Each structure stands twice: as structure tokens, then as C-alpha cells.
Amino acid sequence: MNRELTRRSVLLGSGLAISGIGLAGPARAAAPPGTLVIGIAADPTGFDPEAVLNNTSGFVMATIYDSLMKYRPGTTDPIPGLAQSYTVSPDGLTYTFTLRPGVSFHDGTPLNAKTYIAGIDRLLNKANPNYIYNTGPVEGYIDFTYGSLASYTAKDDKTVVFVLKTPSAPFLTSLAMVWNGVVSPAAAAKYGKEFRQHPVGTGPFIFREWRPRDAILLDANPAYWNGKPKVEKLVFQEYPDPSAGLLALKSGDMHIWADTNTELLPAIHADHELAVLTQPGLAVSGVGMPCDTAPFTDVRVRQAFNYAVDKQAIDRALYQGLAAPMTSPLPASEWSFDPTLKGYPYDPEKAKSLLSAAGVKPGFAVELLAYNSGRGYNPVGPDLAVAVQGFLQKIGINATVRKIEFGAYLSTIRSAKYKGMFLVGWTGDNGDPDNFLNALFGSTNIPITDTARYRNPAVDAIFVKALQSNDHETRVRLYQQAQSIILDDAPWIFINSVLQVRAVSEQVKGYQLNPTQMFFDMEKVSLS
Amino acid sequence: MGDYLAKRVGQLLIVLFGVSVVVFVAMHLLPGDVATLLLGDRATASSLGRLRHQLGLDQPVIVQYWRFLKGALAGDFGTSLRDNRPALGEVLAAFPVTLELTLAALLIAVVIGVPAGVLAALSEGTWVDTAITTPTLFGVSMPVFWLGLMALLLFSEKLGWLPVGGLMPIGASMPRITGLSVVDAVLSGRLALVATALRHLVLPAATLATIPLALITRITRGEMLSSLHLDHVRTARAKGLPEGRVIRAHVLRNALIPIVTVIGLQLGLLLSGAVLTETIFSLPGLGRLMVDAILARDYPVVQAGALFVAVVFVAVNFSVDIAYAALDPRVRQR
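Residue numbers (numbering that gives the first Met the number 0), protein chains in the order written: chain A, 0 to 527; chain B, 0 to 333.
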């Protein structure tokens with residue numbers, strides 16, 4: 000740990016040194032003209048959207064594939080994508096999509112109802128010769144998206160009909176996910192097990208080459224339905240070392256840094272030719288409390304712990320201000336986020352009085368379990384637990400931090416028996432509020448994702464209603480009710496929601512962050 | 000010689016078996032399983048169960064090992080749990096990058112280190128000696144990641160002479176025949192490509208060379224010094240042999256055996272341990288492959304990589320032994 004810290008401080012030091020020397024450096028223009036370069040920190044694991052599940056693969060796939068629905072740029076609102084339009088039956092069970100005409104996959108296969116349904120059949124039909132589960136491990140979102148599906152049919156050449164078993168309003172949003180990108184069924188059949196290395200979609204960029212742990216090369220798709228891309232080539236180049244990544248950005252080798260290292264932000268800010276883009280992230284992070292275990296069965300104890308922690312101070316000290324205190328169980332990037340809720344201000348006196356009212360004596364000891372590495376929703380990892388431990392100490396609570404490896408941590412908090420407190424967090428999958436609120440606080444998800452084992456029948460009833468409603472306003476209202484109740488019930492110490500942060504070169508025009516972090520709408524990006 | 004070879008191959012098999020058992024046990028003792036890591040926060044009991052079954056992780060450990068062993072004996076190390084590619088293929092694709100880097104680094108280290116060590120020994124106690132031995136102290140104590148970054152800062156950022164890492168220019172496709180980029184460039188017959196490949200190789204190789212260079216210089220100096228005072232050297236001088244011949248035939252040759260040992264050991268170490276250099280210079284080599292695989296609990300790739308490195312180690316040691324024989328007649332007679 001100490002060695003890691005030393006290395007981090009050295010990195011930071013070198014980053015600062017880089018910024019100083021950079022001013023005297025030569026003119027930049029390293030990447031070939033017309034080539035947009037996105038820097039990534041890790042190697043993707045493949046490009047079959049339904050089979051793989053990691054951000055880096057998603058980054059690349061968002062430029063190769065389109066989905067039936069897409070997100071309105073910069074948001075998680077679903078709008079038609081490869082579907083030109085859609086209708087939902089009043090009972091919320093039948094979804095009818097009309098496909099966009101004249102679209103072809105990169106291998107020339109036309110997109111029509113038949114080829115689209117063939118792609119769905121690959122995911123859901125065991126008897127399909129190209130059944131995806133026969134091509135290797137599947138980590139994707141098939142159950143998540145199509146779990147409630149009763150049937151899928153091609154009504155005519157351009158109409159696709161899905162019938163659900165139970166109403167599920169997030170179905171539309173799920174279809175917009177990069178993980179539901181539409182693949183060429185001909186290519187999936189042709190490449191079989193190797194389709195993951197030979198992706199073919201309808202997106203703005205055409206896959207050319209993947210050199211593992213090095214680069215992914217793509218060419219612009221001149222026939223793209225949403226407009227020809229403004230650059231000729233797109234390269235995802237790997238920079239596993241953050242300081243080397245910064246150098247690449249400064250030298251013009253890289254234009255957008257997908258995995259911007261926030262410790263190097265001072266160096267990035269010091270360079271006038273670089274810009275830092277931020278957006279509220281689709282993530283929350285906090286400390287879970289076992290709601291079925293005394294003394295956490297008492298809501299006053301859980302509220303007291305919320306008042307005891309100064310989230311603003313934590314955001315400043317640990318997150319360089321690149322996080323916003325949670326004022327609601329939802330992140331601000333969610334469309335049903337309730338801006339009128341104010342969360343729990345820092346008030347240790349109130350915390351103490353609530354604790355004594357609940358009969359918890361000073362000196363109460365509890366374990367605080369932490370994963371031992373940074374996560375997307377909590378880049379500082381276990382340091383957050385240490386900070387919370389310090390604040391709890393001030394109200395007389397002795398928390399012992401125990402750090403363990405992430406897999407072991409997950410199995411512990413999901414055992415349904417763990418009696419301590421624990422770091423907890425979530426990154427949204429499809430951008431639907433159900434994917435936060437119900438996943439984290441719906442009792443049907445105890446103990447897998449509702450790890451605090453929070454159970455409130457009133458909240459559960461709201462979730463069911465909101466799933467069945469197809470009226471946007473109604474859903475917003477229902478989820479706002481749920482937010483207010485959950486906030487009062489305080490199953491977590493609601494800490495913060497990290498911002499999405501990306502450094503880009505000033506040359507980049509027309510690039511917009513998306514809360515899902517994916518590189519959507521890249522055909523609109525140009526280089527000056 | 001035949002007996003000797005058979006004995007070495009027998010030893011190799013025992014080493015490989017031992018390595019495979021140790022790696023297998025160690026990987027299974029590590030906390031956390033690959034299915035949980037792959038699925039992360041959103042894993043459900045059923046998705047975990049299905050993925051574990053697909054990956055064969057629901058079998059007893061001994062059955063998993065038996066399956067692995069059966070496959071490995073037939074040359075099949077299974078597929079990566081991370082990206083579903085043949086494990087051995089991944090290792091073989093990454094190895095040339097590391098091999099090229101290592102050979103280039105060792106070349107730099109030997110070509111500079113041995114003469115520098117000899118020179119330092121011959122000038123013992125003078126300013127030349129100090130001028131050579133002082134930097135070697137820095138060389139052995141400098142962290143590679145810091146040195147690499149500073150080299151990048153100076154030569155790429157400030158002077159703009161060399162690229163910021165990578166195997167080839169951004170977006171370029173270079174011919175891949177052997178996987179050694181300089182060799183491939185030479186084979187392609189295009190001079191510009193050779194220059195490009197060398198430009199991408201020189202900084203990482205020089206960075207990686209610092210520690211072996213310092214070690215080889217110091218060992219050469221030390222061995223030369225102790226050989227210089229041996230009886231046979233005095234005899235050679237007394238016979239009236241020219242000093243150059245005394246140094247080459249009687250001192251350096253004697254001193255070379257430990258130097259060759261160090262070079263051999265360094266070669267083995269660099270082949271398996273260039274991970275920091277590969278990371279800083281964004282090179283897709285074996286070190287990074289192995290670290291990624293270990294972090295992802297990607298057993299097949301870790302196994303294939305560990306066994307491959309073991310074979311390389313044994314082969315390097317074997318070559319070192321052969322080199323001894325060439326250098327020292329006593330070894331030949333044994």
C-alpha cells in the first residue's frame with residue numbers, strides 16, 4: 000500500500016513536471032491527419048456486445064454498432080435509433096418498432112426485420128445454430144434486457160414486434176444500451192466463436208484491426224445513416240501508464256482520453272491546449288448498513304450516521320471536488336432525480352442526540368468492510384472507508400476498517416448474513432431510475448444488489464407501479480416519491496456521485512460526454 | 000552429450016510439472032473468482048452459476064487440473080477466460096515484443112557494460128574508474144518507471160525526437176511476420192520501416208538496459224580486478240606476453256564466466272519481468288499480458304505464460320552452460 004502511494008505521488012510529481020516542460024516543447028501534430036485517437040487504459044476483451052461486459056469494450060463497440068433505440072446526446076433519455084419509430088400498446092406489453100429503411104451492416108447485409116430478428120434469435124433460441132452461449136462465456140445483458148420477453152417476431156419487412164410477459168417500462172432504455180448493439184447475423188454466423196474479434200455492425204465506424212494491448216483501428220463508414228463521420232479514421236490506443244497517457248495527449252498523439260487519470264488533472268489544467276470535460280456521472284457511492292441487524296434496525300441510528308459524515312469535506316479532500324454529495328438516492332444525471340431533496344447536512348450534534356435517543360452508547364464498535372481497489376463509482380477505493388471511520392469516531396462510534404479483494408468483498412456482503420457496515424456503490428446500466436432505485440433498494444433484490452437488506456413494502460409497491468407505467472410524467476412522480484422515502488429511511492450513508500471526467504485536446508470539436516461514458520454519436524466529432 | 004541432453008530435458012519436464020502445480024494452486028488460493036470479477040456488481044446467482052459452468056469453474060479443483068494437464072500435454076492450454084482466445088496463442092503473440100525488447104536491452108548492456116567494466120578495472124583508483132562506477136550505482140538504484148518517464152519527457156516531449164511509446168506509429172499497420180518489429184521491417188525490405196521500428200525500440204530498450212548495464216559493468220570490473228592479481232597472470236607477464244594479450248586471453252577470459260552467468264540470469268529476468276517498461280512505453284509484451292491475466296484471474300493464460308517462461312528460463316540456462324563449456328575447458332572435460 001505504501002509502495003503504491005509512493006508510486007502515485009511520484010506519478011503526480013512527474014505529471015506536474017510534464018506540465019512545466021510542456022510549455023517549452025515542440026509544436027504538436029503527431030497523429031496522422033484525419034485520424035481521431037482515443038486513449039484507453041486497459042485492453043478490451045472483445046466486441047460482441049451481448050457477450051462482453053467491460054467499459055473499454057463498450058467504448059469501442061459504441062462506434063461500431065447502433066441499437067434499436069439510442070440515447071438523446073448527452074443524456075440517458077431513449078429516442079429512436081435503428082428504429083425509425085415505435086408504439087407501445089396501452090397494456091404496456093406489446094412494443095412495435097418500424098426499422099429505418101436503407102440501412103446496411105458493414106458487410107453489406109441489409110438491416111430489415113428478418114435480419115434483426117435473426118440477431119435476437121441468436122441470443123434467445125438454444126436451437127439457433129449460432130446460439131451465443133455456444134461461442135464462449137457470456138457476461139452480457141441478455142437476461143437483463145429480454146428476461147421478460149414472451150415473443151419476438153418480424154411482422155413484415157420493416158416491422159418488429161416484441162411482446163412482454165409483464166410490463167417493463169425500462170425495456171426501451173435497455174434497448175439503447177451499447178450492450179444491445181445490433182450485430183450482422185451473417186457475420187455472426189460466418190465468424191462463429193471468433194465473432195468477438197471480428198465485429199460487424201451498422202455504426203459510424205467500421206472495424207479494421209485489433210492488436211491486443213496495443214490498438215484498435217477503425218475506418219469511417221461513408222454510408223452511415225446518421226451522416227458521414229467527419230474524420231476518416233478512428234484509433235483506440237492503449238496507454239496503461241497514466242503519465243505516458245498525459246504525454247501522448249500533450250504531444251498530439253491522443254485527442255480524447257477515455258480513462259483520464261484525475262490525479263493528473265493539475266497538469267492537464269496547466270496546458271492551454273487541453274480541455275477537461277465533466278458531467279454528473281451515472282453512479283452513486285456510499286456505505287451500506289445492514290437494515291435487518293441491530294442497532295441498524297432503528298432508523299434513527301442510520302440517520303445519525305448520515306448526519307455524522309461531512310460529504311463536502313470528503314469530496315474536497317479525497318475526490319479533488321470531482322464528486323457531488325448525494326442529496327437523493329439517485330445521481331443527478333438521472334431523469335427522475337428530485338432536485339428539491341437536500342440529503343443529510345453535516346451535523347454531528349444531531350447525530351449524537353439521535354444515537355442517544357436510540358440507546359446506542361458511545362464506544363459502540365462495528366466493522367466497516369471495504370474493497371481494496373478503486374472502482375468506477377469510487378476511484379479512491381478504501382480511502383473512503385477510512386474517512387468515514389474518522390467521522391464516526393467523532394460521534395463515539397468505533398468502526399474498524401477491513402479491506403479485502405473485490406470478489407471476496409462481494410461474496411461477503413451478498414451472503415445475507417454479514418452484520419457489519421460496508422462500502423457500496425453502483426454504476427447505472429441503462430440509465431433508467433429502476434436500475435438504481437429498485438436494484439439497490441427493492442426487497443426482491445435482497446441480498447444480491449440490495450445489499451443493505453432494506454425492505455419497505457411502500458417503496459416496493461411504487462417500483463411495481465413505475466415498471467408498469469409507460470407515461471414518462473407518472474414514472475418521474477413515482478420515482479420522486481420513492482427517493483424521498485428511501486432518503487428518510489437511510490439504508491446507506493449516502494456519500495457522493497462521482498463526475499465523469501475526460502481530458503480532450505482543443506483540436507476536438509463536437510464531442511459530447513454521455514452519462515453512460517460510452518462514445519456515442521462519434522460521427523459528429525471533427526478535428527480542427 | 001546425448002546423455003547430458005536427455006538429463007536436461009528430464010529436468011525440464013520436472014520443472015514444468017512443478018511450475019504448473021504451483022501456479023494452479025496459487026491461482027486457486029487467491030481470493031475472488033473470475034466469474035465474480037467478470038460480472039462485477041451486477042452478478043446474479045444464476046448468471047454467476049451459468050458463467051462458472053461455461054468456464055468449467057464448477058468442477059472440483061483436481062478435475063480442473065486434470066483437464067488442464069490433459070490439454071497441455073496435447074499442446075492445448077485452453078482459451079483465455081477474459082477474451083476467449085487461445086491462451087498459448089496470446090502468449091506466443093506477446094512474447095516476440097518482450098524478446099525484442101530484452102535482446103536489445105541486453106545488447107546495449109553488454110556492448111557498453113563489458114568494455115566499461117574492463118576499462119574501470121584497468122584504471123582502478125583513477126578518475127576514469129570513478130567516472131564509470133558512480134553512474135552504475137545510480138543505474139542499479141533508479142526505479143525503471145521513473146527513469147522511463149524521464150526519458151519520455153526529455154526525448155519525446157521536450158526534444159520531440161522519439162515517439163511516446165507504442166510498437167509502431169499511431170494508426171499504422173506494419174507487417175507482422177516474426178513479431179519482432181525490427182526484424183519484420185528488415186524482412187519487408189523497406190529502409191524507412193526499419194528506422195521507424197528502431198525509433199520505437201530505442202527508448203524502452205535503453206530504459207530496460209540500465210539495471211543490467213550497471214550490474215554487468217560492476218561485475219566485469221570486480222572479476223577483472225580479482226583475475227588481474229592471479230598467479231597465472233603474473234606468469235604470463237613474466238613470460239613477456241604483450242599486455243593486450245595478457246588482458247584478453249588471461250584476465251578477461253577468466254573473468255567472463257561469472258559475467259556470462261549474470262548475463263544469462265538477467266536475460267531470464269528481463270524476459271519475465273519487463274512489465275514496468277512495457278507499461279510505461281505502452282508495449283504489448285508478455286509482462287503486461289501476465290499482469291493483466293493475473294489480475295483478471297485468467298488461469299489458462301497465467302498457466303500458459305508461466306510454463307512458457309519456465310521453458311525459456313531452462314533454455315537460457317542451458318545456453319549459459321554451453322557458453323561455459325566454450326569458455327572453460329574444465330567444464331568440457333567433466
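It is worth saying that the hints were derived from the structure and are not from the lab. This one's a predicted model, so the numbers in the text were calculated from it and none came from an experiment. Ideal placement from N, C-alpha and C gives every residue a C-beta, glycine not left out. A hint or two may mislead.
What the hints assert, rightly or not - Which stretches of chain A does chain B cover? Using the computed rule of at least three CB atoms under 8 Å from a CB of chain B, they are:
{"no.": "1", "segment": "34–45"}
{"no.": "2", "segment": "212–220"}
{"no.": "3", "segment": "224–237"}
{"no.": "4", "segment": "396–410"}
To be verified - Covered stretches of chain A (in silico footprint by chain B; criterion: 3 or more residues with CB under 8 Å from a CB of chain B, positions within the stretch not fixed):
{"no.": "5", "segment": "69–79"}
{"no.": "6", "segment": "131–144"}
{"no.": "7", "segment": "269–281"}
{"no.": "8", "segment": "287–294"}
Claimed, not checked - As a list, the in silico SDA-like pairs of lysine to any residue whose alpha-carbon atoms are at most 20 Å apart:
{"no.": "9", "chain 1": "A", "residue 1": "K192", "chain 2": "B", "residue 2": "G77"}
{"no.": "10", "chain 1": "A", "residue 1": "K416", "chain 2": "A", "residue 2": "N220"}
{"no.": "11", "chain 1": "A", "residue 1": "K416", "chain 2": "B", "residue 2": "T43"}
Query raised in the report: With a Cβ-Cβ cutoff of 8 Å, does the segment 224–237 of chain A contain at least three residues near chain B?
Result: holds (count 4)
Query raised in the report: Holds or violated: the segment 212–220 of chain A covered by chain B, criterion of 3 or more residues with Cβ-Cβ distance under 8 Å?
Result: holds (count 4)
Query raised in the report: Within 20 Å, alpha carbon to alpha carbon, are K192 of chain A and G77 of chain B?
Result: Answer holds: K192 of chain A to G77 of chain B is near 14 Å, not above 20 Å.
Query raised in the report: Within the assertion that chain B covers the segment 287–294 of chain A, do at least three residues meet a Cβ-to-Cβ distance smaller than 8 Å?
Result: n = 0 at 8 Å, threshold three: violated.
**Report entry** Within 8 Å of chain B's CB atoms, at least three CB atoms from the segment 131–144 of chain A: coverage verdict
**Finding:** holds (count 8)
Requested in this report: Confirm or reject the coverage of the segment 34–45 of chain A by chain B under the rule of 3 or more residues with a beta carbon closer than 8 Å to the chain's beta carbons.
Outcome: holds (count 7)
Query raised in the report: How does the coverage statement for the segment 269–281 of chain A fare against chain B, requiring three or more residues with Cβ below 8 Å from a Cβ of that chain?
Result: That given contact is violated, which follows from only 0 residues of the segment 269–281 of chain A lying within Cβ reach (below 8 Å) of chain B.
Report task. Take the C-alpha atoms of K416 of chain A and T43 of chain B, compute the straight-line distance between them, and say whether it is at most 20 Å. Result -> 17 Å, holds
**Report entry** Outcome, coverage hint (the segment 69–79 of chain A, chain B; C-beta under 8 Å; three residues)
**Finding:** violated (count 0)
Query raised in the report: Against chain B, does the segment 396–410 of chain A show at least 3 residues with beta-carbon separation below 8 Å?
Result: This one holds; 7 residues, not fewer than the three required, reach chain B with a Cβ under 8 Å.
Query raised in the report: Has the given pair, K416 of chain A with N220 of chain A, been kept, meaning a C-alpha gap of at most 20 Å?
Result: 53 Å, violated
Checked against the numbered hints above, the structure breaks hints 5, 7, 8 and 10 and satisfies the rest.
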